[in-house]
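Model the full structure from these sequences, guided by the hints.
Order-wise, the sequence lines are chains A, B and C.
So the first sequence is numbered by my numbering: it starts at 1 and just counts up by one.
So the second sequence is numbered by my numbering: it starts at 223 and just counts up by one.
So the third sequence is numbered by my numbering: it starts at 447 and just counts up by one.
Hint data in this document are derived by calculation from the structure and do not stem from the laboratory.
In this text, a Cβ means the ideal position worked out from N, Cα and C, and glycines have one as well.
Incorrect hints may have been included.
Facing chain A, according to a computed beta carbon distance under 10 Å, are these residues of chain C, among others [what the hints assert, rightly or not]:
id : residue
1  : HIS469
2  : TYR471
3  : THR493
4  : ALA495
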Amino acid sequence: MWRGLLLLWMTVSMVAAFTWAPLVPGLEETTRVLYFHIPAAWLSVVGLGWSMVHSLLYLGRRRIEHDDHAAAAAELGLLFCVVATVSGSVWAKAVWHSYWNWDPRETSIFFILLIYGAYLALRSAIEGEERRARLSAIYSAAAFVTVPFLMFVVPRIYFSLHPDPLINPGGKIEMDPRIRIGFGAMLVGFTGLFAWLLSLRVRLVRLERVQLEAGAVPGGSL
Amino acid sequence: MPSNGSSSAAAVWAVLRKECRSEWRTRYGLNAALLFAVTTLTAVSFAIGRLGNRTDLLAALLWIVLLFAALASLSHAFVREVEGRTLLLLRLVASPAAIATGKLVFNLLFLGVLELVTVPLFLVLMGAPPPRWGAFLGILGLGSIALGGCATLVGAVISQARGRGALYAAVSFPLLLPMLAAAVSGTRAQWEGGPVGSEARLLTAYAAAVVGASLLLYDRLWED
Amino acid sequence: MSVALRSVAGAERPSITAQGVWHRYGPGRGLEPVSFAWCGPSVAAVTGANGSGKSTLLKVLAGLVAPSGGTATLSIGGSLVPNRARRRCVGYASPDLMFYDELSCAENLAFAGEALGLRDVRRAFTAALDQVGLGRVAEDRPGALSSGMLQRLRLALALLHGPAVLLLDEPTSHMDDEGRDLVARVVERHRRAGLVVIASNDEREWRIAEQRIELRGRGLGGAA
Numbered sequence: 001m002w003r004g005l006l007l008l009w010m011t012v013s014m015v016a017a018f019t020w021a022p023l024v025p026g027l028e029e030t031t032r033v034l035y036f037h038i039p040a041a042w043l044s045v046v047g048l049g050w051s052m053v054h055s056l057l058y059l060g061r062r063r064i065e066h067d068d069h070a071a072a073a074a075e076l077g078l079l080f081c082v083v084a085t086v087s088g089s090v091w092a093k094a095v096w097h098s099y100w101n102w103d104p105r106e107t108s109i110f111f112i113l114l115i116y117g118a119y120l121a122l123r124s125a126i127e128g129e130e131r132r133a134r135l136s137a138i139y140s141a142a143a144f145v146t147v148p149f150l151m152f153v154v155p156r157i158y159f160s161l162h163p164d165p166l167i168n169p170g171g172k173i174e175m176d177p178r179i180r181i182g183f184g185a186m187l188v189g190f191t192g193l194f195a196w197l198l199s200l201r202v203r204l205v206r207l208e209r210v211q212l213e214a215g216a217v218p219g220g221s222l
Numbered sequence: 223m224p225s226n227g228s229s230s231a232a233a234v235w236a237v238l239r240k241e242c243r244s245e246w247r248t249r250y251g252l253n254a255a256l257l258f259a260v261t262t263l264t265a266v267s268f269a270i271g272r273l274g275n276r277t278d279l280l281a282a283l284l285w286i287v288l289l290f291a292a293l294a295s296l297s298h299a300f301v302r303e304v305e306g307r308t309l310l311l312l313r314l315v316a317s318p319a320a321i322a323t324g325k326l327v328f329n330l331l332f333l334g335v336l337e338l339v340t341v342p343l344f345l346v347l348m349g350a351p352p353p354r355w356g357a358f359l360g361i362l363g364l365g366s367i368a369l370g371g372c373a374t375l376v377g378a379v380i381s382q383a384r385g386r387g388a389l390y391a392a393v394s395f396p397l398l399l400p401m402l403a404a405a406v407s408g409t410r411a412q413w414e415g416g417p418v419g420s421e422a423r424l425l426t427a428y429a430a431a432v433v434g435a436s437l438l439l440y441d442r443l444w445e446d
Numbered sequence: 447m448s449v450a451l452r453s454v455a456g457a458e459r460p461s462i463t464a465q466g467v468w469h470r471y472g473p474g475r476g477l478e479p480v481s482f483a484w485c486g487p488s489v490a491a492v493t494g495a496n497g498s499g500k501s502t503l504l505k506v507l508a509g510l511v512a513p514s515g516g517t518a519t520l521s522i523g524g525s526l527v528p529n530r531a532r533r534r535c536v537g538y539a540s541p542d543l544m545f546y547d548e549l550s551c552a553e554n555l556a557f558a559g560e561a562l563g564l565r566d567v568r569r570a571f572t573a574a575l576d577q578v579g580l581g582r583v584a585e586d587r588p589g590a591l592s593s594g595m596l597q598r599l600r601l602a603l604a605l606l607h608g609p610a611v612l613l614l615d616e617p618t619s620h621m622d623d624e625g626r627d628l629v630a631r632v633v634e635r636h637r638r639a640g641l642v643v644i645a646s647n648d649e650r651e652w653r654i655a656e657q658r659i660e661l662r663g664r665g666l667g668g669a670a
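Structure, rendered in structure tokens:
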């Protein structure tokens with residue numbers, strides 16, 4: 001049963017991350033945020049990508065299943081994006097003594113947060129299943145086009161305080177292998193969690209549709 | 223009777239002329255947008271006075287005024303069709319791409335007229351003539367095309383949603399953010415006498431990407 | 447005099463084939479799968495209860511709605527008309543078609559003609575207006591017309607480009623006896639060379655049809 005395995009995996013890696021893995025000098029106990037913050041940030045990007053790819057697929061194939069995936073991935077992505085933003089902000093307060101200062105990473109995650117928010121707000125404002133799927137896919141595809149530009153724009157305007165230089169200066173691998181193992185395990189665990197939640201959400205949306213259909217059609221299919 | 227050659231260009235032209243004629247007869251959209259821009263501008267100027275030497279603030283304020291004037295008016299081209307229930311007529315006679323291109327060109331003209339009034343007024347009120355007009359107008363023009371392209375696409379989408387007025391600014395904003403950042407930093411660099419080449423290239427690429435993607439996406443805009 | 451008549455005579459035998467066409471707007475709303483083949487010259491009728499999808503079917507045939515499934519094809523003289531060119535071969539009129547109130551009736555039709563790429567727009571819209579007896583009110587705004595006259599203007603739009611196929615959704619709604627006679631005359635003239643499709647529950651409207659399909663679905667729209 002892979003859900004049980006996932007639970008076991010997450011528990012073991014979480015315990016290991018807090019007890020077995022050492023701290024990074026200079027970051028001290030705040031090192032621990034690494035095991036939650038980075039996987040969450042990673043999944044908010046994965047969620048956005050998954051949502052956008054399914055939006056493009058919907059535009060190409062017009063199958064409502066792609067819209068289910070796009071919507072579910074956006075909802076979950078927003079959740080993980082909030083986790084990443086809040087954990088990052090709390091960490092920034094501890095280390096940089098400020099919750100928010102438009103660091104490039106903060107800017108990019110804020111941008112992702114905005115896209116998710118706008119996408120979901122747009123969805124909730126469109127009536128009609130097919131129209132909602134089509135228009136939100138169009139919006140998502142347009143956002144897909146603009147995302148790469150942000151990567152060019154942001155570094156031009158802001159400079160970074162983000163601690164990759166602290167953890168991994170000059171690209172040399174200095175991270176303790178135990179941190180790397182713990183981090184890798186958490187990344188895998190979080191990704192598994194995301195996949196599981198996504199499949200649940202998609203199934204739920206499908207069930208809701210079947211139920212609506214059955215309710216709207218007296219003696220209809222089902 | 224129907225001719226085949228260059229029919230989509232004819233349709234774009236017809237839509238553009240129709241838009242201009244409707245706007246000219248009512249002047250509803252343009253008056254509202256101009257009033258809005260001038261009000262914002264006066265409020266900004268009244269609140270902070272002349273800012274001739276604060277180039278960082280000048281660039282940001284200029285684009286904020288333009289952004290809000292655009293977001294207050296550019297969805298109008300599509301919303302008008304939905305509210306007047308004339309979209310069906312429009313769709314009967316022109317392809318989605320022709321409709322949207324016509325509206326895009328109209329919106330760009332609209333922005334141009336808006337800026338013709340707003341920008342000189344801004345420069346006078348703030349007491350900050352641009353040192354290099356070429357660079358200033360170049361960034362302004364490219365930024366406006368990018369702004370108009372995004373705002374037209376989102377306007378077309380939002381016109382089919384409920385609560386479109388309230389949603390429009392919020393939904394456009396994420397798409398406008400990269401372009402806004404580039405336009406602000408370009409305008410600022412121009413005031414400080416620095417090079418604007420990289421921002422100009424970025425804005426050009428951005429405008430091209432958004433308009434190009436729009437032309438592909440417009441075909442799926444109206445299917446019910 | 448009649449532009450429509452001449453070009454219809456030039457078009458050879460339009461035909462419409464639908465294979466398993468269905469559309470759903472959402473749960474419980476839409477058109478159940480339907481298949482048929484109609485060949486002109488002829489009049490075909492679509493009947494069925496409210497909400498059975500008559501209007502949706504006509505919109506699918508006009509290319510306004512992309513069906514959720516199935517294909518609806520239009521061919522003229524044995525050759526398939528691509529979707530892009532469909533609006534130039536099809537004239538469509540329905541009660542939810544509205545016109546621009548900033549433009550006069552003539553200007554509305556002139557805009558439609560320009561967008562469709564007609565060569566002689568002026569002659570086309572004068573002929574169309576004369577055909578439906580609206581020559582006198584050409585310079586009036588559509589908002590000033592009575593609902594029966596508005597219905598005639600919709601018919602004029604459908605006839606404007608001399609299409610091979612006429613799709614008429616409840617063509618005589620709001621019309622007086624004179625209007626009904628007018629519609630009957632237009633249909634009679636058009637059936638000789640083209641194909642007329644009438645969607646209606648009014649037997650006076652579809653009585654003249656040679657072929658009729660009745661939509662019996664409750665608008666379930668082919669449950670997924």
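Notebook entry, point to check: Does THR493 (chain C) pass the interface hint, meaning its C-beta sits closer than 10 Å to a C-beta of chain A?
Noted result: Constraint on THR493 (chain C) not satisfied, violated at 22 Å.
Item checked: Hint check: 10 Å Cβ-Cβ cutoff, HIS469 (chain C) to chain A -> At about 8 Å, which falls below the 10 Å cut-off, the nearest Cβ of chain A leaves the hint on HIS469 (chain C) intact, so it holds.
Checklist line | chain A contact restraint on TYR471 (chain C) - CB to CB distance below 10 Å | finding: 5 Å, holds
Note to self: Interface hint check: ALA495 (chain C), Cβ to nearest Cβ on chain A, cutoff 10 Å. Holds or violated?
What the structure shows: 15 Å, violated
The structure is inconsistent with the numbered hints 3 and 4, although it conforms to all the rest.
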